[in-house]
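Participant: With these hints in hand, go ahead and build the complete structure from the sequences.
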Amino acid sequence: MDRLCSWAGVSCTDGLVIGLDISDEFISGGIDNSSILFDLQHLQSLNLAHSYYIQGSQIPSAIGRLTNLRYLNLSFNAYFGQIPIGISHLTKLVTLDLSENFFIEVQSESFSFGTQSENLKLKNPNLSMLIQNLTELTELYLDDVNISSAHGAHWSQAISSSLPNLKVLSLCRCNISGPIHQSFAKLQSLSVLLLDHNDISAPVPGFFANFSSLTSLSLLGCNLYGTFPEEIFQITTLQEVDLSWNPRLQGSLPEFLNNGSLRSLNLSRSKFSGFLPRSIGNHKMLCTLDFSDCSFTGSIPNSVANLANLEVLMLDSNLLHGNIPLSLFSLPVLQKLVLTHNQFYGQLPEFANISSNLLDTLDLSGNHLVGPIPTSIFNLRGLQELRLSSNHFSGFPFNGPQQPKNLSFLDLSNNGLIDYNGSSPTSSSFLQINRLVLSSNKLRAFPDFLRNQSRLNDLDLSENEIQGEIPNWIWKLNSLLKLNLSYNSLATLQGPLTNLTSVIILDLSSNNLQGKIPVFLSSATYLDYSRNNFSSSIPADIGHFLPKIAVFSLSSNNLHGIIPPSICNANLLVLDLSNNSLSGMILECLTQQSVLNLRSNNLTGPIRDKFNEFCSLQSLDLSRNQIQGQFPKSRVNCTRLEYVNLGNNQITDTFPCLLKKRSTLRVLVLRSNKFYGRIGCPEANGTWPMLQIIDLAYNNLSGEIPGTSMKTWKEMMVNKNDSLYNLGLQYDGGVGSLLYYDDAVTITSKGSERDLVKIRTFFTLIDFSCNEFNGSIPEEMGEFKSLYVLNLSYNTFTGQIPSSFGNMRVLESLDLSKNNLSGQIPPRLAKLTFLSFLNLSNNQLFGRIPTSTQFSTFPKATFAGNKGLWGPPLTADDKPGLPVPPPASTESRRSSGHEINWDLISVEIGFVFGFGVAIGSLAFYKRWRNWYYKATLNIIFKMFPQLHQRLGNQGRHVYINQRRRR
Numbered sequence: 000m001d002r003l004c005s006w007a008g009v010s011c012t013d014g015l016v017i018g019l020d021i022s023d024e025f026i027s028g029g030i031d032n033s034s035i036l037f038d039l040q041h042l043q044s045l046n047l048a049h050s051y052y053i054q055g056s057q058i059p060s061a062i063g064r065l066t067n068l069r070y071l072n073l074s075f076n077a078y079f080g081q082i083p084i085g086i087s088h089l090t091k092l093v094t095l096d097l098s099e100n101f102f103i104e105v106q107s108e109s110f111s112f113g114t115q116s117e118n119l120k121l122k123n124p125n126l127s128m129l130i131q132n133l134t135e136l137t138e139l140y141l142d143d144v145n146i147s148s149a150h151g152a153h154w155s156q157a158i159s160s161s162l163p164n165l166k167v168l169s170l171c172r173c174n175i176s177g178p179i180h181q182s183f184a185k186l187q188s189l190s191v192l193l194l195d196h197n198d199i200s201a202p203v204p205g206f207f208a209n210f211s212s213l214t215s216l217s218l219l220g221c222n223l224y225g226t227f228p229e230e231i232f233q234i235t236t237l238q239e240v241d242l243s244w245n246p247r248l249q250g251s252l253p254e255f256l257n258n259g260s261l262r263s264l265n266l267s268r269s270k271f272s273g274f275l276p277r278s279i280g281n282h283k284m285l286c287t288l289d290f291s292d293c294s295f296t297g298s299i300p301n302s303v304a305n306l307a308n309l310e311v312l313m314l315d316s317n318l319l320h321g322n323i324p325l326s327l328f329s330l331p332v333l334q335k336l337v338l339t340h341n342q343f344y345g346q347l348p349e350f351a352n353i354s355s356n357l358l359d360t361l362d363l364s365g366n367h368l369v370g371p372i373p374t375s376i377f378n379l380r381g382l383q384e385l386r387l388s389s390n391h392f393s394g395f396p397f398n399g400p401q402q403p404k405n406l407s408f409l410d411l412s413n414n415g416l417i418d419y420n421g422s423s424p425t426s427s428s429f430l431q432i433n434r435l436v437l438s439s440n441k442l443r444a445f446p447d448f449l450r451n452q453s454r455l456n457d458l459d460l461s462e463n464e465i466q467g468e469i470p471n472w473i474w475k476l477n478s479l480l481k482l483n484l485s486y487n488s489l490a491t492l493q494g495p496l497t498n499l500t501s502v503i504i505l506d507l508s509s510n511n512l513q514g515k516i517p518v519f520l521s522s523a524t525y526l527d528y529s530r531n532n533f534s535s536s537i538p539a540d541i542g543h544f545l546p547k548i549a550v551f552s553l554s555s556n557n558l559h560g561i562i563p564p565s566i567c568n569a570n571l572l573v574l575d576l577s578n579n580s581l582s583g584m585i586l587e588c589l590t591q592q593s594v595l596n597l598r599s600n601n602l603t604g605p606i607r608d609k610f611n612e613f614c615s616l617q618s619l620d621l622s623r624n625q626i627q628g629q630f631p632k633s634r635v636n637c638t639r640l641e642y643v644n645l646g647n648n649q650i651t652d653t654f655p656c657l658l659k660k661r662s663t664l665r666v667l668v669l670r671s672n673k674f675y676g677r678i679g680c681p682e683a684n685g686t687w688p689m690l691q692i693i694d695l696a697y698n699n700l701s702g703e704i705p706g707t708s709m710k711t712w713k714e715m716m717v718n719k720n721d722s723l724y725n726l727g728l729q730y731d732g733g734v735g736s737l738l739y740y741d742d743a744v745t746i747t748s749k750g751s752e753r754d755l756v757k758i759r760t761f762f763t764l765i766d767f768s769c770n771e772f773n774g775s776i777p778e779e780m781g782e783f784k785s786l787y788v789l790n791l792s793y794n795t796f797t798g799q800i801p802s803s804f805g806n807m808r809v810l811e812s813l814d815l816s817k818n819n820l821s822g823q824i825p826p827r828l829a830k831l832t833f834l835s836f837l838n839l840s841n842n843q844l845f846g847r848i849p850t851s852t853q854f855s856t857f858p859k860a861t862f863a864g865n866k867g868l869w870g871p872p873l874t875a876d877d878k879p880g881l882p883v884p885p886p887a888s889t890e891s892r893r894s895s896g897h898e899i900n901w902d903l904i905s906v907e908i909g910f911v912f913g914f915g916v917a918i919g920s921l922a923f924y925k926r927w928r929n930w931y932y933k934a935t936l937n938i939i940f941k942m943f944p945q946l947h948q949r950l951g952n953q954g955r956h957v958y959i960n961q962r963r964r965r
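Just so you know, we're using numbering that gives the first Met the number 0 here: the sequence shown kicks off at 0 and counts up by one.
Keep in mind the hints are simulated off the structure, nothing from the lab.
Not one of these hints is a red herring.
Calculated lysine-lysine pairs in the DSSO-like style (CA-CA distance at most 27 Å, straight line):
1. Lys609 - Lys547
2. Lys710 - Lys660
3. Lys713 - Lys830
4. Lys547 - Lys515
5. Lys710 - Lys830
6. Lys632 - Lys609
7. Lys713 - Lys749
8. Lys270 - Lys283
9. Lys830 - Lys749
10. Lys441 - Lys475
11. Lys632 - Lys659
12. Lys830 - Lys784
13. Lys713 - Lys659
14. Lys710 - Lys632
15. Lys830 - Lys859
16. Lys659 - Lys673
17. Lys335 - Lys404
18. Lys185 - Lys91
19. Lys710 - Lys749
20. Lys609 - Lys673
21. Lys710 - Lys659
22. Lys660 - Lys632
23. Lys475 - Lys515
24. Lys859 - Lys749
25. Lys784 - Lys660
26. Lys335 - Lys283
27. Lys784 - Lys659
28. Lys784 - Lys713
29. Lys122 - Lys185
30. Lys784 - Lys710
31. Lys659 - Lys609
32. Lys866 - Lys830
33. Lys547 - Lys475
34. Lys91 - Lys166
Facilitator: Rendered as structure tokens:
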């Protein structure tokens, strides 16, 4: 035993082991119930934190035998599963730390890799059972332990009733909820309370202000709401407060007491508002002040100059205004100053008395600052990142008396720098940087100082007015890895690009580049030549020049010819050749990318049914071509499929039920093809839970729409917000860049086509128009609370408009025209406040049109063609009437002339019949016979417009062929 007591991490008294600290050690195989560790009956302190196990394990139940333990730390390990009841027998415990335990297991099945994780949990025993005997406990850390079984206020009741002496409580990410029970106020010794990332969903209790010993309060990301009790800020012992990421939490700052103790105050991404009090300067120990993305107004008080210990000041995205106090640049230990996206104005003057060399980040972007950029900024010798974008600065900041040697990032974008003519006598001494952003200015030439940028690896000159030639010297910048020249007026490239070896990301899109496609860069992984005027065919050997390319776009040029087979040699993630004049068939190998966009070309033939079991296709757009054949059955192998657009082709097939198990599918566009039959799929439970856009318009689909199948379209049922991401592919472009390829789609909304160049995941649409669907409109559609556009026009639906449509609160466009709907308009439709387009025309609706502010904005055409409807805007006298339907549109696919003018037709019938009787003998003459047939057909088409609609040109061709045969 004496030898054991001499080991590192072992503490002994009278030859008995009372303390064991083997934290940060690798313990092969872990510790199980048979370990001799549990024979140390006198052990008072056990620290196994950060012990690295080969595999995860459960906490041994034998831990309950160490009944003399006062300190137990099992944090930061790979423990998982139920916490053993034996811990509740350790009644002498003062500190218990089971935090940050999670086990991640890598699984593989059929070469498809994934992970699953399991945290520690408190279910049986639950939290109340675990701590009911631990009355001596003063510190409890259960971060990442799943105690969701303690619903609502139960967890706070259990803690307050069992742990009266508690000083430190940390329950971050524990799946607990609120509200916090009133009995929690009994914990008068509480000094640290950390509840980050739990869905408390309640106001902050006012009794928190009575915790007179509180030093640290962190409620980050707890979905708090209401008004924060400002008395909490007056607790004299308070040092750290974090209320960030609670966007519904309101509040304001009080006048602070003298000699405040605060060291860190984070209110970012909340709804705190009001003025910044002058008394904030009383907290002279403040190190971090983060009020990002709040609603503070007024100016920055001069008392901030008293915060001599301030290291981080972040006031971005507020409503602050006035001049920026120069005293901020004199704070001795300030490292980060971020004032972006406010309303600061005026000229930033030169400043002296710079006492800090520690400021490494300065962000003044998104304000209204004017004039020259002060050269004294460049006396901040520790500066690494300088952002001055989106202001009104003029002129380039050439070197001052001293230069920040560590400056790596300079952003001067969106400043309207128009006075620069491309050269400067001092350009050779312009400071050396790694990343330079000059986008969205009015530059008309390449800045000459770029020639000498030996450290530059990222250059952005996009969205300027640079014309003419891309100079050869720009390719000789040896460190250049990323170059963005998009959205200029460049016409040609100077010299060959064959010597380029460093550029990885090149964006030349949206220029006026002409002629042949330039030679490709052997080192590049991202090439975007889209939206130019290249007019050649794609080089036959293109595949040999794309050894590392992952993203390649030639979209929106004037390319012609076939897609060369050599492109199969490239290992592409994204291939975009859309909006050209390419012809021929689709290569079989092109189905191996993650994104394939061949939209708007002249491609023909069928889609090869060669999607193999390793298909990684995520996005496929073949719309607006001349593709024929069937929907490829092997597409079912593409398990990651999110976006499918085959619209405006000539595909003939039944509805693709084979995709019903693709749970990732978000967009399905099959419009303007020849799909036929029913759309219901057998065994469709769980089909397309992520679906947000489905467009089946202009096909020959028929039958009833199965409402039960729609119950699985969960994405259309949930309430969303517009802060969600774009649909597409995120790609790591290297050199610290995340690149994005956004899917796009053309939709019909509010009666007209429009292009969605980015598909936000909150946008949802259903378009089943111009088919042969019949029966009732499914009541289940009313469950689509997040639906934006619904178009069921030009079908033969019967029955009433479902009253459940009143649940679609964000619906903007609803078109039910040209059906056989009957009954009254549901009054709940009038309460859809976002509805800006409505078309119920040409049905069999009757009754009074519901009145509402929204309905009063719609024109008469919205309700025309329904003889039984009355009231504004159809009848001005607010009484039943028979409004005349508007004239039919000759441009519609389906004729709107369903009504028969019998008076006129009876005259025509009589004339033709009488004429036939009187001079029927003339029918033996070819010319008179053809005239007679034509007149008869015209009368039939007027009587039965649907017949004319179905025959269309075919009917006319029949007549012409008959004439030719005779």
